[in-house]
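Asks: One-letter residues, chain by chain:
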Amino acid sequence: MEVISGHKGNTRQILSLGLHSAAIIAYQLALMQLISIVQWHHFAYMIISVAMLGFGASGTLLALAREKLIRSSSWLVPMLMTISGFFMIISFEITRLEFFRFDVYLLFVDRSQFLVLAANYLIYFMPFFSGALAIGILFIKHTRQIGTYYFSNLLGSGVGGLFFLLLFGNIMPQHVPAVIGLLSVSAGLISLVRRKAPLHMAIVLLAIISSVLLMRTQEQISVSQYKSLARSMNLPDAEIIYRQPSIHGLIEVVSSPALRFAPALSLNFTGDVPVKKNVFVNADYFGVIPKFDAKTDAHILDHTTQATPWVMQDRKRVLMLNAREGAPLAHAFVYNPERVDAVISNSGFVEMMQQEFAKESGNLFLQKELEIYHIEARNFLASKPPQGYDIIVLPQQGTFGGTAGINALQESYDMTLESFELMWDHLDQDGVITVTTWIDYPSRVSLKLLATLVQTAQKKGVADPGEHIAALRSWGNVTFVLKKTPISREEIKNIRSFATSKFFDPLLLPDLQQEERQRFNMVGDQSFFEYVDQIMAGDEEMIRDYGFVIRPATDDKPYFSQFLRLSQLRHLNEIFGGDQLPFLELGYLIVVITLVQSTALALLFIMLPLLRLRKSQKGKAGTLLYFGALGIGYMFVEIILIQRFVLYFGHPVFSIAAVISTMLIASGLGSLTSGKLPATAKTPAIFGLIVTLFLIGYMLLLTPVIQGTIASPTALKILISLLMIGIPSFFKGMMFPLGIRYLSDYDVSQVPWAWGINGSVSVISTSLAMLIAVEAGFMVVMGVAVVCYAIAFLTFSFHKLLFQKTLNNKP
Amino acid sequence: MKKQLIILLMFPLLLVLSTDVHGDDQERARNSMVRQQIQGRGIRHQATLDAMRNIPRHLYVPFPQRRNAYEDRPLPIGYGQTISQPYIVAYMTEIVDPNPGDKMLEIGTGSGYQAAVLAEIIEEVYTIEIVRPLGEQAKRMLDAQYDNVFVKIADGYHGWSEHAPFDAIVVTAAAEYIPPPLVEQLKEGGRMIIPVGSPFQIQQLMLVEKGKDGEISTRSLMPVRFVPFEREK
Chain A
2 MEVISGHKGN TRQILSLGLH SAAIIAYQLA LMQLISIVQW HHFAYMIISV
52 AMLGFGASGT LLALAREKLI RSSSWLVPML MTISGFFMII SFEITRLEFF
102 RFDVYLLFVD RSQFLVLAAN YLIYFMPFFS GALAIGILFI KHTRQIGTYY
152 FSNLLGSGVG GLFFLLLFGN IMPQHVPAVI GLLSVSAGLI SLVRRKAPLH
202 MAIVLLAIIS SVLLMRTQEQ ISVSQYKSLA RSMNLPDAEI IYRQPSIHGL
252 IEVVSSPALR FAPALSLNFT GDVPVKKNVF VNADYFGVIP KFDAKTDAHI
302 LDHTTQATPW VMQDRKRVLM LNAREGAPLA HAFVYNPERV DAVISNSGFV
352 EMMQQEFAKE SGNLFLQKEL EIYHIEARNF LASKPPQGYD IIVLPQQGTF
402 GGTAGINALQ ESYDMTLESF ELMWDHLDQD GVITVTTWID YPSRVSLKLL
452 ATLVQTAQKK GVADPGEHIA ALRSWGNVTF VLKKTPISRE EIKNIRSFAT
502 SKFFDPLLLP DLQQEERQRF NMVGDQSFFE YVDQIMAGDE EMIRDYGFVI
552 RPATDDKPYF SQFLRLSQLR HLNEIFGGDQ LPFLELGYLI VVITLVQSTA
602 LALLFIMLPL LRLRKSQKGK AGTLLYFGAL GIGYMFVEII LIQRFVLYFG
652 HPVFSIAAVI STMLIASGLG SLTSGKLPAT AKTPAIFGLI VTLFLIGYML
702 LLTPVIQGTI ASPTALKILI SLLMIGIPSF FKGMMFPLGI RYLSDYDVSQ
752 VPWAWGINGS VSVISTSLAM LIAVEAGFMV VMGVAVVCYA IAFLTFSFHK
802 LLFQKTLNNK P
Chain B
3 MKKQLIILLM FPLLLVLSTD VHGDDQERAR NSMVRQQIQG RGIRHQATLD
53 AMRNIPRHLY VPFPQRRNAY EDRPLPIGYG QTISQPYIVA YMTEIVDPNP
103 GDKMLEIGTG SGYQAAVLAE IIEEVYTIEI VRPLGEQAKR MLDAQYDNVF
153 VKIADGYHGW SEHAPFDAIV VTAAAEYIPP PLVEQLKEGG RMIIPVGSPF
203 QIQQLMLVEK GKDGEISTRS LMPVRFVPFE REK
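Residue numbers (the numbering used here), protein chains in the order written: chain A, 2 to 812; chain B, 3 to 235.
Hints in this document: simulated from the structure, not taken from any laboratory.
This structure is a prediction, so every number in the text was calculated from the model and none was measured.
Careful: at least some of the hints might be erroneous.
[To be verified] Sample of chain B residues facing chain A (criterion: CB under 7 Å; computed from the structure):
#1 Ile97
#2 Phe152
#3 Thr220
[Unchecked claim] Computed cross-link-like contacts, DSSO-like style, restricted to lysine-lysine with a CA-CA straight-line distance of at most 30 Å:
#4 Lys69(A) - Lys277(A)
#5 Lys154(B) - Lys277(A)
#6 Lys197(A) - Lys277(A)
#7 Lys197(A) - Lys278(A)
#8 Lys494(A) - Lys189(B)
#9 Lys278(A) - Lys296(A)
#10 Lys292(A) - Lys317(A)
#11 Lys278(A) - Lys154(B)
#12 Lys296(A) - Lys317(A)
Note that CB positions come from ideal geometry on N, CA and C, so glycine has one too.
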């Protein structure tokens, strides 16, 4: 009973490994989601790097104390699983204590926040480190059966991803770590041994008590004071009147008599600004609970520039894309439309509007003219034949005060050039696309929007976009209108008359006079108008040289809200000062910082064992190249596939679940199969070549296949995605265990080193892939993945050179 | 070896603590703030400069932030709010052109610092704060120093009609809309200044002017701290 051995013992270990692996991946996803709630989603990259750092550090410890750890493995592995589970339960709660509460915004104004951040890193590191150490010990102890163990690890991870989705859709986010932690504790109990059992059981008891306490006491999450939810809760009589977890995030509704809705309201409006309940998703402002009143033909948005397309002429067939703001939807109904199609991917929000808030919203979401589609806007546009809309309304862009940078790395396929071309195809002859943005300084969003509209018109054969584009500017907003046919004299007259009545100024009109631009709203920096005119004139040079990225987003670089050029950092620093830079585009800079920081840590955890082991081992170049390339290649492909399949499935959550689960399960099956193959140098080389060729094929065919079959039946799409994701993943899954077996045959001490390298490079891969995607596009990320697998192939093709000193007797 | 390790570990903490401002240094820091950050950027309104030299800004920020009180940046004061960068306070004050007999309304008392600057110059300052704990704290502070500042804890949307009209309105916390009651409570020929931008962000200021005929116009003002943003040629 002291040491688990034989078939039965292995079965228990393999089962507990699978369970524990499921808990680790689910915990990582849960933590990313929780951090998105208390902070912002870009902080999730740091969580990924902390997780990977845990894996890398465990590799270091394995390399340094391999024999000792293996000797104690029978009791240590289950104990580590339980400890990891315990940390999963308590870590997040510890970081919410006042002393450890970290705030990303304060990082740039309060130096002591760096210490708090470091403490947070350490707290989040613990569950991953202890968990990964348990997995690593099993791997190095069972190198002969690595295929089976790796299969269990990957299968468990795949299932863990799905388990997370199930949990988040159904229980309160703050309770999720407790459930996941208990999963890991159970994994420890499955392979429990008699030795050190009292200590083990004491930790189990502690974990159970902690999770029960947490579930009973934590009714809500305390979020950053700078999140819109927290700020709304500071208002008089503010209360959360609705709270519901969903796979799209935590939906909350706040009521306060001080919450009003009237974005950039006209200054001659003398009525009362309506009080509205606000909706938040993951503590970020999502929209308001709109009110539809069939008896009135007035709406507060009629006093904003958003009314521009509606005053031009009648619009009867309406498409609202990403209509998460219910207000524009209610606004559209004021004009008695015959049909309104609304694309809202957040089904939880719609459900809430159709049930709990149906009466309050005047049954807006139950109107017979309204058809709601629960998919992403781009998926809707691509999968429908042309619908002949009179108007396509996009949601308001940017944020008040221009903090669009917070969403810099959020891919938005609905805002790419390709998407606008599809919108154009869906328009009726006199139809318009309209989009409103907050005015930002320096100008970014408005200029990029205009460049996108101009290029869309040009691509659709319009010789003079100036005849097709109108724009009105208020003190805070600009609304653009792109019309399929030239804007008529009657429409121009209507726009002018509306502008004067509301104290707005025309920014663009076919017969615009310069002096009209600043009658009511003057600007200090006149260059904005020059840039607008240059974009209208098709000045490519201006778009290229501007201090921010204002070139339209494309499917290859679908980051509409990303404006920062790394090459311009010095120039921007001179203009705005270093302390302001982070706030120009926080999201992107956090990723850059994460990359720098994680690279340093990864190097440390690779270099550390290298220095320690330099005398005892030789021929490590092959190990470094092979396992490093696999680590980067695997993560890069995963990120590309997630991005690409968002378009296919029409929803990021489904895309992530489909890609990660299929990849991990297929890789697990590959790993299992690899056990039947000989562990010679030839086998990893062959599979390295196969994967390389597959990925080259993907570079050429992935996008056309996805675009060509996007409108196919769901069953066919699932089959296609299973094949496209599964087949290369199956081969990729073979490569890690084959490499480990090859190493273990001749120099088993290099196995933990390989495990450490693989984990360490994964630390940098996510942020590195994002950075390359933003700067160079997805095709280049895929290109790097191809190079990585080619390196893996070449490493074993030249194994005699790279492994010769150590593995001189290898065939 | 152990000692070295402890010193190494304590270093970041010492770095954080060593920057605190003490005693007479505060007055020196205040004068330096006015000279370098405010006059140095072109503010010439003498009453504003005098007021900012007189007011102990460090008393208007939370204790942990006192060492940063005279730095050239906004500071967090809790509840997701900030005390504006000194230059922005000076610039906003200069723009509304305060005169001794004026009556002004401030929306968003925050720490109370802007109200204190105005109170040093004009006759009456009415200030409204929506976040109760901040309002109470600022009221305590301002009541102790001034008898011409009136603090109300309420929703600034409604303004303070009992004391309207105002010569100028200073809105320190930007909103996505300008409340119609505020426009109404502004005297004809009056000025309203509003920062547009998030707490820590580059703030662009907007001046709302009410003409004699009641026509409203706005002017985006570029703080002189920032040179015009131009693309690289």
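Asks: Would the pair Lys296(A) and Lys317(A) pass a check requiring their Cα atoms to be no farther apart than 30 Å?
Replies: holds (18 Å)
Asks: Mind checking the alpha carbons of Lys278(A) and Lys154(B) for me, to see if they're no more than 30 Å apart?
Replies: Satisfied, since the Cα-Cα distance of roughly 25 Å is no more than 30 Å.
Asks: Next pair to validate is Lys292(A) with Lys317(A); report whether the Cα-Cα distance is within 30 Å.
Replies: holds (20 Å)
Asks: Within 30 Å, alpha carbon to alpha carbon, are Lys154(B) and Lys277(A)?
Replies: The given pair, whose Cα atoms are some 24 Å apart, holds under the 30 Å limit.
Asks: Taking the closest Cβ pair, is Phe152(B) under 7 Å from chain A?
Replies: violated (19 Å)
Asks: So, as I understand it, the hint says Ile97(B) touches chain A; can you test that by seeing if any CB pair is closer than 7 Å?
Replies: The hint is violated - Ile97(B) has no Cβ within 7 Å of chain A, the shortest such distance being about 12 Å.
Asks: Does Lys189(B) lie within 30 Å of Lys494(A) when you go C-alpha to C-alpha?
Replies: Roughly 33 Å between the alpha carbons, so the hint for Lys494(A) and Lys189(B) is violated.
Asks: If you draw a straight line from the CA of Lys278(A) to the CA of Lys296(A), is it 30 Å or shorter?
Replies: holds (21 Å)
Asks: Lys69(A) and Lys277(A) were given as a pair; does the straight-line alpha-carbon distance stay at or below 30 Å?
Replies: violated (64 Å)
Asks: Verify the proposed pairing of Lys197(A) with Lys278(A), using a straight-line Cα cut of 30 Å.
Replies: violated (56 Å)
Asks: Within 30 Å, alpha carbon to alpha carbon, are Lys197(A) and Lys277(A)?
Replies: violated (59 Å)
Asks: Does Thr220(B) meet its interface restraint, that is, does its C-beta lie within less than 7 Å of any C-beta in chain A?
Replies: holds (4 Å)
Of the hints listed earlier, those the structure fails to meet are numbers 1, 2, 4, 6, 7 and 8, in rising order.
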